Amino acid sequence: EVQLVESGGGLVKPGGSLRLSCAASGFTFSTFTMNWVRQTPGKGLEWLSSIDGSGTYIYYADSVKGRFTISRDNAKNSLSLQMSSLRVEDSAVYYCARDSNYGSLWGQGTLVTVSS
Amino acid sequence: DIQMTQSPSTLSASVGDRVTITCRASQYINTYLAWYQQKPGKAPKVLIYEASSLESGVPSRFGGSGSGTEFTLTISSLQPDDFATYHCQQYHRYWSFGQGTKVENK
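Chains as they are written, first to last, in the numbering used here: chain A, 1 to 116; chain B, 1001 to 1106.
Derived by calculation from the structure, the hints in this document are not laboratory data.
Mixed in with the good hints, there may be bad ones.
[Unchecked claim] Partner residues are not named here, just some residues of chain A that face chain B (Cβ under 10 Å, in silico):
(1) 44
(2) 46
(3) 50
(4) 100
(5) 105
[Stated by the list, open to error] Derived DSS-like pairs: lysine-lysine, alpha-carbon spacing no greater than 25 Å straight-line:
(6) 1045(B) <-> 1106(B)
(7) 43(A) <-> 1102(B)
(8) 43(A) <-> 1042(B)
(9) 1045(B) <-> 1102(B)
(10) 1102(B) <-> 1042(B)
(11) 1045(B) <-> 43(A)
(12) 65(A) <-> 13(A)
(13) 1106(B) <-> 1039(B)
(14) 43(A) <-> 1039(B)
(15) 65(A) <-> 43(A)
(16) 1042(B) <-> 1106(B)
(17) 13(A) <-> 43(A)
Given the structure is predicted, the values throughout are model-derived calculations rather than measurements.
Using N, Cα and C, we set each Cβ at its ideal position, and we do this for glycine too.
Given these sequences and hints, build the entire structure.
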């Protein structure tokens, strides 16, 4: 089955760190650019970061640059997002999404709550 | 950054109605525009890409048009399964999304 499954969300204190993972299956993972997108009730959908198939080209939104790090392991069909210096405003549902220019496949999302 | 503005934010309609949602880009994006449907607790699902191309498996009552900075999503005859939130997305430079339009039952 073609799918993406995120994991790693949870409750973390402000200033803390968290690592999200996204497991891909059913397609040739290494040929696709992958993205992280988050969603909050107030701000809607927000693109965070993308990484090309080889892991060479990486881009970040200004809101997370310097705090979040995207990476991938093509041997394990896995995408990751290392989040540090977390803020209350980083609380959201985090999605990984396959890039066919647009988001052709999304995971179910994982909830991150940043609160003291 | 490219800002995407959708209107309206909420739309009340009945089954069988023709529904139109508009999306405006803050700068030229050619036809690099996608539309998504999202239901509560679920991930976005792509309906339209390249402004007017229907994603495989999506009912033909969904249609998209526009280019440059002005785009439209039309549902020709609203069905019970279509009550949801709709998002536009530009992919001309990175990704950015509109704030969403909730289609609710009148």
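Verification of the hints:
1. 44: holds, 5 Å
2. 46: holds, 7 Å
3. 50: With Cβ-Cβ at 7 Å, under 10 Å, it holds.
4. 100: holds, 8 Å
5. 105: holds, 9 Å
6. 1045(B) <-> 1106(B): holds, 24 Å
7. 43(A) <-> 1102(B): Between residue 43(A) and residue 1102(B) the Cα gap is close to 14 Å, so the pair holds against 25 Å.
8. 43(A) <-> 1042(B): holds, 17 Å
9. 1045(B) <-> 1102(B): The hint holds at about 15 Å.
10. 1102(B) <-> 1042(B): Roughly 14 Å between the alpha carbons, so the hint for residue 1102(B) and residue 1042(B) holds.
11. 1045(B) <-> 43(A): holds, 19 Å
12. 65(A) <-> 13(A): Between residue 65(A) and residue 13(A) the Cα gap is close to 20 Å, so the pair holds against 25 Å.
13. 1106(B) <-> 1039(B): holds, 17 Å
14. 43(A) <-> 1039(B): holds, 17 Å
15. 65(A) <-> 43(A): holds, 18 Å
16. 1042(B) <-> 1106(B): holds, 23 Å
17. 13(A) <-> 43(A): Measuring from Cα to Cα gives roughly 21 Å; hence the hint holds.
The structure shown violates none of the earlier numbered hints.
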